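The listed protein sequences correspond, in order, to chains A and B. Quick note: the first sequence uses the working numbering, first residue 15, plus one each step. Quick note: the second sequence uses the working numbering, first residue 25, plus one each step.
These are calculated hints, taken from the structure and not from any lab test. Just so you know, not all the hints are guaranteed correct.
Claimed, not checked - For lysine-lysine, the following DSS-like pairs were computed, each having C-alpha atoms within a straight-line distance of at most 25 Å:
#1 B/K342 to B/K231
#2 B/K373 to B/K353
#3 B/K32 to B/K231
#4 B/K373 to B/K332
#5 A/K35 to B/K353
#6 B/K397 to B/K342
#7 B/K379 to B/K35
#8 A/K35 to B/K64
#9 B/K32 to A/K35
These figures come from a predicted structure and were not determined experimentally.
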Amino acid sequence: MKNTNSENQITRKDAIKKMSKYAALTAIGTFVILNPKQAQASSPPDPGGGLPGIED
Amino acid sequence: MKATTSPKLIKAINDDNVILWFENSNRYVVTSSTHSNLIKLYMNPDESRDSFVSHLEQNFHLNTSESNAIFDDITLFLNESTHVESKNSLLKEISVPTEGYIEQSYKFSDNIVTIRYESAIVQTLVHPQITHHCIDNNSNYDVLFDIFKTDDDLHLFKDGIHIGSYKTHSFHFLQGKFALELTNTIHNTNINNWVATFHASTISNGKESVMLIGDSGNGKSTLSVLLMAHGFDILCDDFTPLYEDDLQLYRYPAATSIKTGAFEALKPYIENLDLLPTHTNIAKRVDIKYIPPILSYDSQVPSLPCNKIVYVKYDATKHDSLNQVSAEKILETLIPDSWISPIESHALKFIDWFKNIECYQLNYSDNNFAISKFKDLFEE
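Same shape as in the complex, but just chain A (with noise of 0.2 Å):
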């Protein structure tokens, strides 16, 4: 099972945590969990980035 946080908030350690939680769920087969972005968006800033003079 793979869980996605709809805004990055979790990390990809916090996600497999997460999946180990429904163990006999996701041993019998696909059981993936998506949460859609809770407003629209554009393509996200990498991680760490900013915008020149945007961010204080």
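Since chain A is already given, all that's left is putting chain B on it; use the hints.
Chain B alone, transformed into the frame defined by chain A:
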């Protein structure tokens, strides 16, 4: 308790996969028909824990411990799937700047849009993508946007009405909201009529469209421009809206952003590529050029049906290939990258629309291979 935690929609999308949709959290779960049947059994109000476990032992050849574990997992999963995280809202009053802004007008068919940017830096958030629609400033506009910054917040106003405020590090949400509002203006509609806005580029042959998805840096935009140079039309770059009435994808008239690495590869195909301004985008840690459409906006259709999605991956280490892939593979990328309306009727329309989508993955490093495969896709 079961009723409040149950998925609102349970829909099979093919022989193998079922989608569960939870209304409270707007969460999708792609799973097997076995899971779906187990969850339906669990949700049956007449079913107790003991009878559920007994059913699994008899029909699924599981032991008591395994059957209890599944019951516990479903209980935990359903409870978590309906949990909604609280949102912080910005309550303080915001005033639109009345002077010192940079004003620019744009024309999209018959619509004149004027934007007042608080500063040149704020202007970089949306102007480069729509520069090709610039006209001389026109006070007789149809819509006025204000985009400005106070402290650590970016604000978007439309005709003096507050549309949204975003932390500066979340500027891509302001860009997304602006894209939606501009789409509303151009297509004369409002947010309540959109089923979804996908993080995708969409290509058309004038009759139908194919959506390109993939992680940032996978080569979607570069491929879009290559396809445009070979006679296809870019319906949308990066932002693809799906309309509720006809379940078609609607045009978003932004220029296509390409990164430094693609400049040389595209030079033979795009006239005067060198003359287009280069924007240094620290957010993406790369230089970017915006390629405007070759054909005029007015000469192109506003919307098209789509029944193919291609997951694009530029990868020089693998053999070029175009293969059909599972719905699950596409949904894993499509859903978390996109906004999907939380309204039940829209969730249902999204699932029904997706049921008819053919799913592909393109691995390519040879441009000619990718172009020929897209020609095939459109001819099928």
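When the structure is checked against the list of hints, which entries are broken? Sort them ascending.
1 and 3
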